[in-house]
Amino acid sequence: MDARVQGGAVVGGRRELWLFVLQRASAALLAPLVLVHLATMIYAIQGGLSAAEILARTRASVAWPLLYALFVAAASVHGAIGLRTIVREMTPWRGASLDAAAVAFALACLALGFRAVGALA
Amino acid sequence: MSEPRANGPELSVEVWRGRAEGRFQTYRVPLRPSQTVLDVVTYVQRRIDPTLSYRFACRVGMCGSCAMMVNGAPRWTCRTHVARVAKDRRLRLAPLRNLPVIKDLAADMTPFFDKWREAEARFLPSSPRAAATARIPPADPERAAADAAIECIGCGVCHAACDVVAWQPDYLGPAALNRAWTLVNDARDADRRAHLAAVAGDAGCHACHSHQSCATFCPKGLNPTASIAGLKRASALALLAGRL
Amino acid sequence: MSGPARWRNHPGYGAFVVHRVSGLLLALFLPAHLYVLGLAIEGEAALDSFLRWTEAAPVKLAEAGLALLLAAHLAGGLRLLAIEFLPWTDRQKTLLALAGGFSAFAALLFLLNAL
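Protein sequences, first through last, are from chains H, X and G.
Here the first sequence is numbered in this note's numbering, starting from 1 and rising by one per residue.
Here the second sequence is numbered in this note's numbering, starting from 122 and rising by one per residue.
Here the third sequence is numbered in this note's numbering, starting from 366 and rising by one per residue.
Take the hints with a grain of salt, since some may be wrong.
To be verified - List of simulated lysine-lysine pairs, DSS-like, C-alpha gap at most 30 Å: (1) G:LYS458 / X:LYS208; (2) X:LYS341 / G:LYS458; (3) X:LYS208 / X:LYS224; (4) X:LYS208 / X:LYS341; (5) X:LYS224 / X:LYS341.
Honestly, the hints are just simulated from the structure, not real lab data.
With the hints as constraints, model all of the structure from the sequences given.
Now the structure itself:
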């Protein structure tokens, strides 16, 4: 797993670099989505929330469920990679079991998220 | 321990004694104008306790051998004035963080320099010694990028300031990566891709969190965070282009 | 042996702590948030019964806290992307002030509209 330089040749994978790229790519995707989410939250919270109000908004256009599906995908990936990094730096937990736990977290978020998007669509 | 009695104002100096296991020992040292932290350590060793071990050479900020933790921050002690860091006349001196301790204030720099080798942070010549001097315009963007990152004296202050080094002991660290960035930008280097490949491994440049502790404490005013950001960009692009 | 961790005593490190803590809390909140939204699949009544709980003042305050975390993580993240993918700027403290100002503004706006 760890890259080691032996006589100028790098031995080992690029897993962490790929995760870095994925983390920044999901971040770039999330930035405008979070901005829209914050604005929607501030607008929608006025006068309290109701299921009818939320569903009226999300069912008004097919763009909303699509946007939220993208949001769910990006947030699941971003959260999973972030949690994995925190665990690696702050606890002794490493290796395949941690990677599996991070994947499981992402999959759980994706499942819950797509279920929610399906309910709102 | 015979401590000379001073008439004027004194500093209370706690000094780490021992190795990984040890304790702080307190010495009283006369306060003098324009006194550096290294002056204080030297006073303790020459006048109070000759068994104290520490490291220094040039005393003028060139050699990079006298760095220590001073009141919880890494400093080059030969050019750190007591008046600036010990306003309450108290000093707490410990060996550089993130490195093994040899004895007292002398840290073992071996892991630090091992990382330079792992980062392929050495120039790979592309032409023989007899060849004419390469001409690189000072305004060339690569030259400018390398220029901002040279002048490192290898003191290890950034390495000691870096929490990513503490959390991921394999991480190559700010000094080695900063040096690698100068070589990635060196038009004379024979294999710039090899430098990039060496810093793109699983403990490479992208582990950096841009805390900027390295840049905050570098006594030479260098900015390893910016150098590492350059490496992150270059290695991510190379990865996506299939060149890594 | 090092005593006070003064190597952490600068604005960039503070920004990191904010980013890490907000990221951790948001990541832990995410599954719960998605689960609650998914209640709508069981009909409006299920979601509404939860939404009535959120009308309580302490919950509103907690929601404003979440808005603050989200805004802070967004602004701090944009700052990190700028450090990593744009040419270096020495105006790091200005960027930090902007990020802090944006976060506080967004959270206050949310709170004022929620009450």
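To see whether the hints hold, each was checked on the structure:
Distance check on the hinted pair: G:LYS458 and X:LYS208 sit about 26 Å apart at the alpha-carbon level, within 30 Å; holds. Simply put, X:LYS341 and G:LYS458 have alpha-carbon atoms about 20 Å apart, close enough for the 30 Å limit, and the pair holds. A distance of roughly 28 Å separates the Cα atoms of X:LYS208 and X:LYS224; the hinted pair therefore holds under the 30 Å criterion. Between X:LYS208 and X:LYS341, the direct Cα distance comes to roughly 23 Å. Compliance with the 30 Å bound is thereby established for this hinted pair.
Distance check on the hinted pair: X:LYS224 and X:LYS341 sit about 27 Å apart at the alpha-carbon level, within 30 Å; holds.
Violated hints for the displayed structure: none, as all numbered hints are satisfied.
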